[in-house]
Amino acid sequence: MRQLGAGLRALLVLTLVVGVAYPLLLTAVAQVVLPDHADGSLVASRDGLVGSELLGQSFTRPVTEDGEPVTDAVGVPVTEPDPAYFQNRPSAAGGGYDPLSSSASNYGPENPDLVALVEERRALVAALDGVDPEQVPPDALLASGSGLDPHISPAYAHLQAARVARERGLAPEQVRRLVDDLTQGRSLGFLGEPRVNVLLLNLALDEQAGTPDEADSE
1 MRQLGAGLRA LLVLTLVVGV AYPLLLTAVA QVVLPDHADG SLVASRDGLV
51 GSELLGQSFT RPVTEDGEPV TDAVGVPVTE PDPAYFQNRP SAAGGGYDPL
101 SSSASNYGPE NPDLVALVEE RRALVAALDG VDPEQVPPDA LLASGSGLDP
151 HISPAYAHLQ AARVARERGL APEQVRRLVD DLTQGRSLGF LGEPRVNVLL
201 LNLALDEQAG TPDEADSE
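In the UniProt record's numbering, the protein residues as written are 1 to 218.
These aren't lab readings, by the way, just hints derived from the structure by calculation. No residue lacks a Cβ here, since even glycine has one placed at the ideal position from N, Cα and C. Check each hint, because a few of them may be wrong.
As the list claims (entries may be wrong) - Beta-carbon label-pair distances, calculated as ranges: (1) Leu114 <-> Val70: 25 to 33 Å; (2) Arg186 <-> Val63: 35 to 43 Å; (3) Pro133 <-> Pro172: 28 to 36 Å; (4) Gly189 <-> Glu68: 48 to 56 Å.
Turn these sequences into a full structure, and let the hints steer you where they fit.
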């Protein structure tokens with residue numbers, strides 16, 4: 001009984017220290033030192049909360065036929081990439097950037113399913129941006145390890161610039177300059193690769209040129 005009592009007391013103390021006090025302390029420190037990061041690096045626009053800098057998301061529009069939205073076999077609306085916005089890299093997460101199913105495909109480089117998927121993505125990007133399939137950069141063909149990466153390479157962003165400029169009636173140089181302004185360098189100067197956050201890029205595009213609907217109304 002003495003051993004049982006000592007074990008229960010140890011369990012209670014460790015639960016209070018490790019399970020309650022320690023997380024509360026870290027939360028308090030994070031809120032003081034890095035409040036934005038602690039809250040999830042959320043991004044807001046004039047229309048309210050639009051996402052997080054840490055999570056990719058889709059920029060799509062409904063597919064319509066004779067003015068009516070097209071649905072699939074189970075009644076879910078069918079969407080397609082919105083050409084007025086920069087597109088993120090592919091996602092292996094279910095539902096498209098679903099944070100509840102963060103994952104990679106785990107396919108090997110010679111897996112026929114992966115090879116077919118890469119070729120399908122290559123053809124889609126080439127058709128959307130009107131470029132030669134050989135010009136499509138690797139990050140437009142492969143999902144990240146998490147499936148939720150919010151960044152693309154500067155090369156992929158510049159590939160899309162002409163299409164976005166055309167859809168919004170802007171000069172291509174203006175859009176490319178925006179890409180360059182929002183390109184982030186390597187972390188600490190040597191880790192990773194230069195990258196562009198797609199959500200921040202699209203928000204800056206909307207603020208600079210107005211949303212596509214507003215541009216059409218003008």
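A range of 25 to 33 Å was offered for this pair. Does it hold for the Cβ distance of Leu114 and Val70? 28 Å, holds
Cβ-Cβ distance between Arg186 and Val63: within 35 to 43 Å? 39 Å, holds
Lying within 28 to 36 Å: is that true of the beta-carbon distance Pro133 to Pro172? 21 Å, violated
Can you tell me whether the CB distance of Gly189 to Glu68 sits inside 48 to 56 Å? Roughly 53 Å apart at Cβ, these two residues keep to the hinted range, so it holds.
Hint compliance for this structure: hint 3 is the single one not met.
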